[in-house]
Every structure is written in structure tokens, then in C-alpha cells.
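Asks: Sequence:
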Amino acid sequence: MTVAMPFFDPTTDPGSNFPELLRRSGFGAVNAVSGDVSVPHATTCVAIRYADGVAMAGDRRATSGNLISHRSMEKVVQADRYSGVAIAGAAGPAMEMIRLFQLQLEHYEKVEGSPISLEGKANQLSAMVRSNLQAAMMGLVVVPIFAGYDLLRSTGRLWDFDATGGRYEERDYVATGSGSLHAGTVVKVGFHSDIGRDEAIDLAARALWEAADADSATGGPDALRGIYPIVATIDASGWVRIGDDDLAARYARIISEVDGRNEAQ
Numbered sequence: 001m002t003v004a005m006p007f008f009d010p011t012t013d014p015g016s017n018f019p020e021l022l023r024r025s026g027f028g029a030v031n032a033v034s035g036d037v038s039v040p041h042a043t044t045c046v047a048i049r050y051a052d053g054v055a056m057a058g059d060r061r062a063t064s065g066n067l068i069s070h071r072s073m074e075k076v077v078q079a080d081r082y083s084g085v086a087i088a089g090a091a092g093p094a095m096e097m098i099r100l101f102q103l104q105l106e107h108y109e110k111v112e113g114s115p116i117s118l119e120g121k122a123n124q125l126s127a128m129v130r131s132n133l134q135a136a137m138m139g140l141v142v143v144p145i146f147a148g149y150d151l152l153r154s155t156g157r158l159w160d161f162d163a164t165g166g167r168y169e170e171r172d173y174v175a176t177g178s179g180s181l182h183a184g185t186v187v188k189v190g191f192h193s194d195i196g197r198d199e200a201i202d203l204a205a206r207a208l209w210e211a212a213d214a215d216s217a218t219g220g221p222d223a224l225r226g227i228y229p230i231v232a233t234i235d236a237s238g239w240v241r242i243g244d245d246d247l248a249a250r251y252a253r254i255i256s257e258v259d260g261r262n263e264a265q
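Following the numbering used here, the numbering of the sequence shown begins with 1 at its first residue and continues without gaps.
There's no promise every hint is true.
As the list claims (entries may be wrong) - Dumping the calculated SDA-like pairs for lysine to any residue here, alpha-carbon to alpha-carbon at most 20 Å:
no.	residue 1	residue 2
1	Lys110	Gly92
2	Lys188	Glu169
3	Lys110	Asp80
4	Lys188	Ala51
5	Lys188	Glu170
6	Lys188	Tyr168
Don't read these hints as lab results, they were simulated from the structure. Everything numeric in this text was worked out from a predicted model, so none of it was measured.
Generate the whole structure from the sequences, applying the supplied hints.
Replies: Spelled out as C-alpha cells, the structure:
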């Protein structure tokens, strides 16, 4: 059986979505790239630059369509002593990318005898995101946040990426994922140039709270199961993950503030 392939003239743009192009061209039965498989997706992450470093935070929920596929996924991961990665997008490729990124950083340090620069790490992650472009065009998009403490500049720095591997250094804060609009708005309103570590942690926690309140794919703190967002800071002393007991106390204060606001209304 011979299948005639469609041709496109200069005025007809087939678009970048190959599965959609197949469906429009009458090849919807090609299941290998139909994009109908329900893939777990990670959702909302934020990073905030403060006076001595950066704070990173991510919720714990992964969704498959309208279902919660995982309640305790770790989306904020230590890359090495002075950097971390937060992920949003297709969970499987994202976790594989992070593991490979960690391995490459460790390998470089062992071979060269010194760690790669923070900007070099961002470049390496950019190349890995770009290598995922073919999968991204089929719906398996990975859009990480990279942040760390630059030992050469003695300051915290952070980057976000697009699906093509483009990397963009942000000056103060960045948010990604389905709840990024809500989380980013909270951070934008609460951020100021001389924000400190403790205040940055509170702001990141509040941003995820508000994102979870407005976005069904973002998970809030789950006191019943003892599940709280992953929050970490990176400064001259390195990566430090904030304990669940600390986060429980911070979220208790947020709940108290919200209850007081509701009562006042």
C-alpha cells in the first residue's frame, strides 16, 4: 500500500506540532506519536534571589490530566554543593535530565580537579534542554529553573529556560509551571531589593500556597500526610534544605493570616 504524503506550499505553515499535523492530514491513527498517553507532569516552582544567595521552592504534586498521579514528588533537587534545579513539565524526562546533569557535574569535577563555573553549569543544562526538543514537540516538554551561588562573584544567580534550550538569567526571581502566574505575582508583590534569607523562604512558601489555592495542578501543604513543599537555600555555605518542621510552622502562620483575613471580611 502506497501512502501519499501531503505537500505544503510557501503560504501553508504546517506548524511545529507534529502530532497535530498528522491529525489534520488524516493520519490520526498513528499511535506512536499521537500524544494521547497520559504522562505525569510536575507543576509549580519558584526561585528568589536574596541578599546572600538564592531560595528555591517547588510543590510536591504531579498530575496526569485531571488525576493526581503523585503527591510527594521532589521537584527541587540539589545539582551539586552550590547549585540546584527545579523542574516543571513531563516528569519522566525531567528526572532523567536532572540525574544526567548531576552525573556530568560530578564527572567534570573529578576529571578537571575543580568544579565548573556556575555559568558553565547553566550552559550545560541549556544544551540538555535543547537535546530534548524532539520530545518536547511531541508533548514531553521540560522547562527547568537553575539557581546557585556564584563563588567567583560572591552572589546568588538564577536562570530560566524555554523548550528550545534558550537560557535567560533573571535578576530577582522566576517562576515556572502551571501555577507560575499566581506564584510569580505573589513574589513580585512581596519582593524587595534587600530581602533576607528568612523572608525569602516565607515569600516562596506563600507563593506556592496562593498558587495551590488557584491552580488545581499545584499541591499545597498536606498536614494530614506530612507532605510539605521542597524549599532550599543556596549561599556561601552551600545547599541547605529547609526541614518539614520549619515549613509546618511557617504554613501555620500563613493559615492564621488567611483565617484572620476571612474573619475580617
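Asks: Does each hint fit the structure? Answer for all of them.
Replies: Taking the hints in turn, this is what the structure says about them:
A distance of roughly 28 Å separates the Cα atoms of Lys110 and Gly92; the hinted pair therefore is violated under the 20 Å criterion. Taken as a hint, the Lys188 and Glu169 pair is honoured in the structure, with Cα atoms around 16 Å apart against an allowance of 20 Å. As the CA atoms of Lys110 and Asp80 are separated by approximately 13 Å, the hinted pair is consistent with the 20 Å bound. Restraint check: the Cα-Cα separation between Lys188 and Ala51 comes to about 16 Å, which is no more than 20 Å; the hinted pair holds.
Pair hint Lys188 plus Glu170 holds up; C-alpha atoms about 13 Å apart against a cutoff of 20 Å. Between the alpha carbons of Lys188 and Tyr168 the distance comes to roughly 18 Å, so the proposed pair stays at or under 20 Å and holds.
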